[in-house]
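K.L.:
Listed here are the chains, written in short residue letters.
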Amino acid sequence: MMHPDRTLRLLASLLAIIALNGCTTASVQDVRQSGTGIKAGEAVVIMAKSYHLGNETEAKYIRCVEDSLARGTKGLRVIPSAEFVDLLFPWFEPRTAPAETKNLAKLMNRPGVAEKIAEQKIRYIIWLAGDTEKVAGGGSLSCAAGPGGGGCFGFAWWQKDADYDASVWDLEGLESAGTVSTDVSGKSFMPALVIPLPFIARTQAKACHTLADQLHSFIVDEETA
Amino acid sequence: MTKGRSDIGIAQPTNATGRVYLNTLKSIPLMLLLAGLAGGCASSVTMVPPTIPPPLTDKIPISVGLRIPANFNHFVHEESVFGREEWSIDLGDSNAALFKQLFGHMFDRVSIVGANDDPKLMNIDALVEPTIDAFEFSTPGQSKTQAFAVWIRYRLKIYDREGNLVSNWPVSAYGKSQTTAMNKSDALQRAAVLAMRDAAALMIMKLDEATGIGKLGDVATPLPDTISGDEVQSSALEGQQDDAS
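Protein chains in written order, with the working numbering: chain A, 1 to 225; chain B, 226 to 470.
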């Protein structure tokens, strides 16, 4: 039997955790162009589309999707993008990376490329595009400090949108397997009455986990287009 | 010097000199704060030389001499935006490391040619002299984004074995890296490394095509005509535009 004080403290902590999260709404969808599936030992690589093409996907987001896809007993074998780019230098640098699947055949014919990909058993390259940005905000919050102490008063809010697309390229068939997209909107609040209380929406983290879960199903489920 | 440090450390207000030292000691944090407020924020980044992986390409079968300018071994760039942060990036010997690694991967044989060495006396097919035309970067505050961007423009002058200038090729490279909440200097350093890798990728792909350096090893065929820098520069730029399209 749990001590009543401990139960009360646990409940308070749970309430605090719930209360300190802002509101997020998420949607996810996929479009399948060909059949997928992955054999034991085969790997995937998560890459950001080139900044030469104006893409702004954050390195932190790439790492989050890599970690989420690899996590758990049913996790996929994920080769870190930095390792992959070094292995195939200079063909996946922002300037040289193929922009369309139709360039894959030419790339595979370059010396050593097909061999390196076969050596590492890389089955899919997933190209991420998109970013998280603040789209709105308002309110007013001011803080002051004096000899007798300090404090903050007011209310501030802001909204962030995280829109990401993942294009899945199948290196076995040298074709596009399809795309998975997620769109997450998160609103954060910060009321302050002496002490500011932040209610932060973890918009980017939500977009990461939503996309990674959907990508996992998209790749693992042996569905045909 | 040692005496001065000792005096400050054991300052006692027992005489006039001691009081002066104690007052000086007390005012140091205030002076530092005022200096910080007056001077704005200054950030300094020291770069670790980049690692250029071996490329998946065939080597150009010639022997080249590489003459590295003095500033490639110690290159410091400072950027000051009025009323904002001051940035200083110390590339150290990153440029020298880039060209030594890259050319080692690209050519059959590379010899480092000193400033006073006569390349005609060395058994080389071509001499390459890289220089930096421009180095620029933008901070998130300037670009209104969350990223640092670095632009580097190198220039490669290529001479044949007789010492004639056969090519004068500008290489424009770009790198961009998102900032993290905690460490801005890492993002700037990463952007500089990406710009250097971008230059390396461009040279691997286009150097032979844009400059004809591969032909300089073939003694049986006539050497490319010696042409003016402007002519080669414009043809190389056209090549880059073709590549981009």
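Treat the hints loosely; a few may be bogus.
Restricting the straight-line Cα-Cα distance to at most 20 angstroms, the calculated cross-link-like pairs of lysine-lysine (PhoX-like) are [said to hold, decoys possible]: (1) B:K431 with A:K106; (2) A:K60 with A:K134; (3) B:K440 with A:K134; (4) B:K409 with A:K116; (5) B:K440 with B:K345; (6) B:K431 with A:K60.
Label pairs and their computed distance ranges (CB to CB) [stated by the list, open to error]: (7) B:E310 with A:G41: 35 to 41 angstroms; (8) B:R380 with A:T25: 36 to 42 angstroms; (9) A:F153 with B:K369: 26 to 32 angstroms; (10) A:E100 with B:D315: 39 to 45 angstroms; (11) A:V220 with B:H299: 28 to 34 angstroms; (12) A:G137 with B:T276: 21 to 27 angstroms; (13) B:T356 with A:V135: 26 to 32 angstroms; (14) B:D315 with A:R110: 42 to 48 angstroms.
Since the hints were derived computationally from the structure, they do not count as laboratory data. Note that this is a predicted model, so its numbers are computed, not measured. Don't be surprised by glycine CBs; every beta carbon is placed ideally from N, CA and C.
K.L.:
Compare the structure with each hint and give your call.
P.N.:
Outcome of the hint check:
1. Taking the CA atoms of B:K431 and A:K106, the gap is near 17 angstroms; set against the 20 angstroms cutoff, the hint holds.
2. A hinted pair counts as satisfied when its Cα atoms are at most 20 angstroms apart, and A:K60 with A:K134 qualifies at roughly 17 angstroms.
3. Restraint check for B:K440 and A:K134: not satisfied, since their Cα atoms lie roughly 54 angstroms apart, outside the 20 angstroms limit.
4. Between the alpha carbons of B:K409 and A:K116 the distance comes to roughly 34 angstroms, so the proposed pair goes past 20 angstroms and is violated.
5. A threshold of 20 angstroms between alpha carbons decides the hint, and for B:K440 with B:K345 the separation of about 18 angstroms falls inside it, so the pair holds.
6. Of the supplied pair hints, the one linking B:K431 and A:K60 is violated, its CA atoms being roughly 32 angstroms apart against a limit of 20 angstroms.
7. Distance hint check: the CB atoms of B:E310 and A:G41 are about 49 angstroms apart, inconsistent with the given range 35 to 41 angstroms.
8. About 53 angstroms separates the C-beta atoms of B:R380 and A:T25, a value inconsistent with the hinted range of 36 to 42 angstroms.
9. At about 30 angstroms, the CB distance of A:F153 to B:K369 agrees with the hint of 26 to 32 angstroms.
10. Between A:E100 and B:D315 the beta carbon distance is about 40 angstroms. The supplied range of 39 to 45 angstroms therefore holds.
11. Range check, A:V220 to B:H299: about 53 angstroms between beta-carbon atoms, so the 28 to 34 angstroms window is missed.
12. Under the hint 21 to 27 angstroms, the C-beta atoms of A:G137 and B:T276, about 41 angstroms apart, miss the expected range.
13. Distance hint check for B:T356 and A:V135: the Cβ-Cβ separation is about 45 angstroms, which falls outside the suggested range of 26 to 32 angstroms.
14. Taking 42 to 48 angstroms as the suggested C-beta distance range, the pair B:D315 and A:R110 does not conform, at roughly 36 angstroms.
Violated hints for the displayed structure, listed by number in ascending order: 3, 4, 6, 7, 8, 11, 12, 13 and 14.
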